[in-house]
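Engineer: Sequence:
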Amino acid sequence: MIARDIEVSRLSLGCAPIGNLYKDVDPNVAAATLHTALDAGITLFDTAPLYGVGLSETRVGEVLSTVDRGSFAISTKVGRLLVPNLPGAPKEESIFETTPDVHPVFDFSADGVHRSLEASLERLGLDRVDIVHVHDPDNHMDQALREAYPALRRWRDEGVVGALGAGMNYSSPLARIVRDADVDCVLLAGQYTLLNQTGLEDLLPLCAEHGVSVIAAAVFNTGVLADPSDGATFFYSPASPSILDRARRMQAVCERHGIPLVAAAIQFALGHPAVETVLVGMRSPDEVAANTTAFNTPIPPDVWSELKSEGLLPDDVPTP
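Quick note, the sequence shown lines up with residues 468 to 787 if you use the numbering used here.
If you are wondering where the hints come from, they were derived from the structure by calculation, not from laboratory data. Here a beta-carbon is modelled for each residue, glycine too, at the ideal position from N, C-alpha and C. Watch out, some of these pointers could steer you wrong.
[To be verified] What follows is a list of derived Cβ distance ranges for each label pair:
#1 626 / 533: 30 to 40 Å
#2 696 / 490: 10 to 20 Å
#3 489 / 643: 30 to 40 Å
Make the full structure from the sequences, and use the hints.
Structural biologist: Shown next, in the form of structure tokens:
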């Protein structure tokens with residue numbers, strides 16, 4: 468349970484892929500992905516204005532605004548406003564394909580986050596969201612703490628927002644937010660995984676101490692833990708030989724026990740008491756089926772002990 472009685476499933480759906488991340492996703496496939504996730508018992512859906520510059524939120528809203536509001540929780544983000552492109556201006560490079568004719572601009576002012584949330588609610592077709600994360604305030608931390616969070620706390624008090632959080636790729640600035648911003652949860656991407664436990668150094672113990680829920684995202688480290696084959700990526704770049712070797716050794720341990728590496732990658736983070744849910748991006752019903760199967764695969768305790776005995780995980784890291 469995330470603060471303020473927001474119950475979420477232990478496996479959650481990241482909705483960046485259905486915003487045409489890296490390649491186009493047919494709208495019908497996007498809708499089917501969301502319906503399949505609901506049918507599988509997934510209850511937390513995470514989106515953001517950045518994902519497809521509004522496309523992800525629109526697609527999420529087209530489905531979730533038509534189902535029982537009590538059957539899901541939705542999180543979105545503030546910190547980027549979507550601004551129309553100037554006529555004739557070249558389109559900015561993006562990892563999202565075939566997007567609306569707008570581009571994101573950082574804005575962590577009180578007015579900016581207010582306008583961002585209003586626009587998100589309109590795209591989602593909802594009158595409230597369960598979680599709002601301040602998105603990537605790395606280079607705007609002082610303004611986010613001074614302006615964005617006080618505004619969001621007022622909306623939390625008014626019931627427009629259920630819980631406040633922050634979504635980032637690095638644990639240290641999230642630790643500062645936990646100490647200074649009165650948040651209910653944080654979304655940590657890629658830094659509490661089988662390959663990277665940086666979040667254990669500062670953030671996760673702090674969250675456990677303060678009762679702040681952790682949403683563990685990017686647990687495949689952008690691909691290598693899903694499939695450590697040649698050409699796999701780690702933090703959006705080609706995985707180094709040492710990372711590939713380590714991932715493959717983990718895969719070998721898992722295979723000796725008859726389980727796929729992807730199952731261990733999804734379930735690992737849930738061993739820490741501060742982690743409430745694991746957030747996995749999915750772009751098709753088949754991916755939802757595969758990931759829910761991996762999530763539900765029983766993992767023998769010997770897998771974790773063998774990963775530790777082979778030096779692939781620290782001895783003191785908590786495991787499921």
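Engineer: Verify the CB-CB distance for residue 489 and residue 643 against the hinted window 30 to 40 Å.
Structural biologist: Holds, since residue 489 and residue 643 (Cβ atoms, about 31 Å apart) stay within the stated range.
Engineer: Mind checking the hinted window 10 to 20 Å against the Cβ distance between residue 696 and residue 490?
Structural biologist: Since the Cβ atoms of residue 696 and residue 490 sit about 19 Å apart, the hinted range of 10 to 20 Å holds.
Engineer: Can the suggested window of 30 to 40 Å be confirmed for the beta-carbon pair residue 626 and residue 533?
Structural biologist: 22 Å, violated
Hint violations for this structure: number 1 only, all remaining hints satisfied.
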